[in-house]
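S.K.: Counting from 1, position 363 in the sequence shown corresponds to residue 586 in the numbering used here; the numbering is continuous, with no gaps.
Keep in mind that a hint or two might mislead.
[Stated by the list, open to error] Listed below are the simulated SDA-like cross-link pairs for lysine to any residue, each with C-alpha atoms no more than 25 angstroms apart in a straight line: (1) 245 / 320; (2) 284 / 324; (3) 284 / 317; (4) 333 / 343; (5) 329 / 353; (6) 591 / 518; (7) 353 / 302; (8) 591 / 521; (9) 284 / 251; (10) 245 / 316; (11) 381 / 492; (12) 330 / 353; (13) 353 / 278; (14) 317 / 343; (15) 284 / 349; (16) 284 / 244; (17) 317 / 283; (18) 476 / 363.
No lab work stands behind these hints: they were computed from the structure. Quantities reported herein were computed from a predicted structural model and do not represent experimental measurements.
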Amino acid sequence: MSKHRHRTNKKTQSVAPTSLPKEALTLILSATGFSIDGCPCHIADVYATTQKQGASSLQLKSWSQLADAVSWFCETVLVQDKAAKLAFPPCLPKECRANVHSLVSKKHSKVAESVSEGFGDERHVAVVAKGASASRSLTAEQADHALALWLLYGRHSKLQSQQQQNQLQNNMQQQQQLVKQQQQQQAEHPSIQQNQQSSAANMPTQPEAAADASAVAESWQALTMEPDSSTNQQAPQRDYTRDEVAQMLVQDKLPADLSALWLGPAGEAQRQARLICLAASAGDVQELQELLASNPYVVRNCVPDLASGGQLPLHLAAAGGRKEVLQLLLAAGADMEAVNGAGETALQVAQRCEECDCEAALLQAGAKHTKQDSWQQAFTGQL
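All chains, full assembly: derive it from the sequences and hints.
M.R.: Structure, rendered in structure tokens:
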């Protein structure tokens, strides 16, 4: 039983918080046919409450016992039950979840793996037998779509946040300009303010008039005061992980924001871009012709394929020496001067990959040399 003592992960101890609430140290063990008495003595405080349907509640004293608990699970419980699972609570801090992933990957990767399960506030980390994770069953298409959606959502969130900040700045500038104009009018025409005050003094006092005056005063005070940044902050965007998006997409459980994005024009553009890029990369002329037959503008309107790092079909054809595909793309209206995610044009890609036929086809079609890709200038020392 003492063999588990020396397995304590010192790195885990130093990185994890010194103290965690009791609920964060409560693990759920789902297994059958094992003896709880087999727990190492230095975590003898681990207890089993009720074993309904093979589920036990395990309580750790502190996070420093993580390595010993995981070692006992991998070396004892999984040996007796390959379907066993050790689940950590959803309230576990991010750095602690990283500890679990790191520990399992470094110490127990031959027999176990760590996975993330659930969605939203219920998402948690679990340790299972190697190969038992359902997320490993993603098809290539599902993995591509999940990556594209995850990246698309990140860009959309960043753009939305920037637009909100710009709108806030514009509102502040308009308020400041209005205050300045009103102050300038009062300075240039002080008699106007005096007449307004005199007229107001001669008017009968009414509850409605008092309320209006109070509202005007509050509005003026709001305009002249510095805006409170805490009240202007927008609600934070939901931070989805790539694996979480993949699981939601496969299980058809996308939340409203992701579903609207994926089923909208931006998501459709990504799906089309992926199909064209796959055909271009594989040199599949027939597939590309079918795509063009269904939508003649599919190449002209193609956006960078996020799943391939922002590539475009023309660049992939040039990189692979797919001259026939490249010529078909050019005839369909592909932009020769468009740049991929690395900032390269198709001509630069063809030159970097030493695909002379594709380079010649691009030059013949009118692609332009730049200072970065002109070997003639480099040879003559003009760069």
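S.K.: Could you run down the list of hints and mark each one as holding or not?
M.R.: Evaluation of the provided hints:
{"no.": "1", "hint": "245 / 320", "in the structure": "16 angstroms, holds"}
{"no.": "2", "hint": "284 / 324", "in the structure": "20 angstroms, holds"}
{"no.": "3", "hint": "284 / 317", "in the structure": "19 angstroms, holds"}
{"no.": "4", "hint": "333 / 343", "in the structure": "30 angstroms, violated"}
{"no.": "5", "hint": "329 / 353", "in the structure": "13 angstroms, holds"}
{"no.": "6", "hint": "591 / 518", "in the structure": "28 angstroms, violated"}
{"no.": "7", "hint": "353 / 302", "in the structure": "12 angstroms, holds"}
{"no.": "8", "hint": "591 / 521", "in the structure": "24 angstroms, holds"}
{"no.": "9", "hint": "284 / 251", "in the structure": "15 angstroms, holds"}
{"no.": "10", "hint": "245 / 316", "in the structure": "13 angstroms, holds"}
{"no.": "11", "hint": "381 / 492", "in the structure": "19 angstroms, holds"}
{"no.": "12", "hint": "330 / 353", "in the structure": "13 angstroms, holds"}
{"no.": "13", "hint": "353 / 278", "in the structure": "20 angstroms, holds"}
{"no.": "14", "hint": "317 / 343", "in the structure": "14 angstroms, holds"}
{"no.": "15", "hint": "284 / 349", "in the structure": "19 angstroms, holds"}
{"no.": "16", "hint": "284 / 244", "in the structure": "10 angstroms, holds"}
{"no.": "17", "hint": "317 / 283", "in the structure": "18 angstroms, holds"}
{"no.": "18", "hint": "476 / 363", "in the structure": "19 angstroms, holds"}
When held up to the earlier numbered hints, the structure conflicts with 4 and 6 and fits the remainder.
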